[in-house]
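Trainee: Listed below are the residues making up each chain.
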Amino acid sequence: DAGVTQSPTHLIKTRGQHVTLRCSPISGHKSVSWYQQVLGQGPQFIFQYYEKEERGRGNFPDRFSARQFPNYSSELNVNALLLGDSALYLCASRRGGGVVQYFGPGTRLTVL
Amino acid sequence: EDQVTQSPEALRLQEGESSSLNCSYTVSGLRGLFWYRQDPGKGPEFLFTLYSAGEEKEKERLKATLTKKESFLHITAPKPEDSATYLCAVQAGETSGSRLTFGEGTQLTVNP
Chain A
37 DAGVTQSPTH LIKTRGQHVT LRCSPISGHK SVSWYQQVLG QGPQFIFQYY
87 EKEERGRGNF PDRFSARQFP NYSSELNVNA LLLGDSALYL CASRRGGGVV
137 QYFGPGTRLT VL
Chain B
76 EDQVTQSPEA LRLQEGESSS LNCSYTVSGL RGLFWYRQDP GKGPEFLFTL
126 YSAGEEKEKE RLKATLTKKE SFLHITAPKP EDSATYLCAV QAGETSGSRL
176 TFGEGTQLTV NP
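Chains as they are written, first to last, in my numbering: chain A, 37 to 148; chain B, 76 to 187.
Quick caveat, the hints were computed from the structure, so don't treat them as lab data.
It is possible that some hints are incorrect.
To give a feel for the contact side, a few chain B residues facing chain A, derived at Cβ under 8 Å [unchecked claim]: (1) K117; (2) R174; (3) F177.
BS3-like cross-link-like pairs, simulated, lysine-lysine; straight-line CA separation at most 27 Å [said to hold, decoys possible]: (4) K117(B) x K66(A); (5) K117(B) x K134(B); (6) K154(B) x K134(B); (7) K144(B) x K132(B); (8) K117(B) x K49(A).
Predicted model only: the values in this text are computed from it and were never measured.
All residues carry an ideal CB built from backbone N, CA and C; glycine is no exception.
Could you put the whole structure together from the sequences, leaning on the hints where they help?
Mentor: Below you can see the structure in the form of structure tokens.
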């Protein structure tokens, strides 16, 4: 079975722009979470979605938003990009009732 | 607030030289403690989940243990391919959903 997939792999944006990152969970997984990992640090929780509803939100500004689609794929949107948004953005999926989150390869975002 | 502290930040071993990585945690109501392995530029790869003090799990050269305050990842006779960053994370609290709180990681280098 395919794992979690994310697109694009890499992205370069300039300050003030908007970005959309995409994630497809493992088949059968209904929960998707987003994490931000700054170089040299552990991942930080941004959002969790389950059955298309937001179930948790981390300490991130309103510039960050997300949604989940009927096929359980998800998008993370970031508006008004700042230099500090440069990071590896990770998506993780989990089956309903399960506890283990399986991570995708990430999207490397660079803001210039 | 949930906190996870990993030590050491970096560890350099010779092939075959066994050692342990530490993960100390402070949470309200631990639901699970997770170990992940992360290679440079890639997403975290799931290794173990531990749920209660006294629990142990093994996989090849790795063994994870859990107490009420910390977890250890023991590496027996490591090989160069074990070189990676090892991340510890906790899932805590009934209202936290599936959010994971990560430590900063331990960067392990195994020299041949």
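Trainee: If a hint holds in the structure, say so; if it does not, say that too.
Mentor: Hint-by-hint comparison with the structure:
1. K117: 6 Å, holds
2. R174: With a minimum Cβ separation of about 5 Å from chain A (threshold 8 Å), the hint on R174(B) holds.
3. F177: 3 Å, holds
4. K117(B) x K66(A): Between K117(B) and K66(A) the Cα gap is close to 23 Å, so the pair holds against 27 Å.
5. K117(B) x K134(B): 21 Å, holds
6. K154(B) x K134(B): Roughly 14 Å between the alpha carbons, so the hint for K154(B) and K134(B) holds.
7. K144(B) x K132(B): With Cα atoms ~17 Å apart, K144(B) and K132(B) stay inside 27 Å; holds.
8. K117(B) x K49(A): 21 Å, holds
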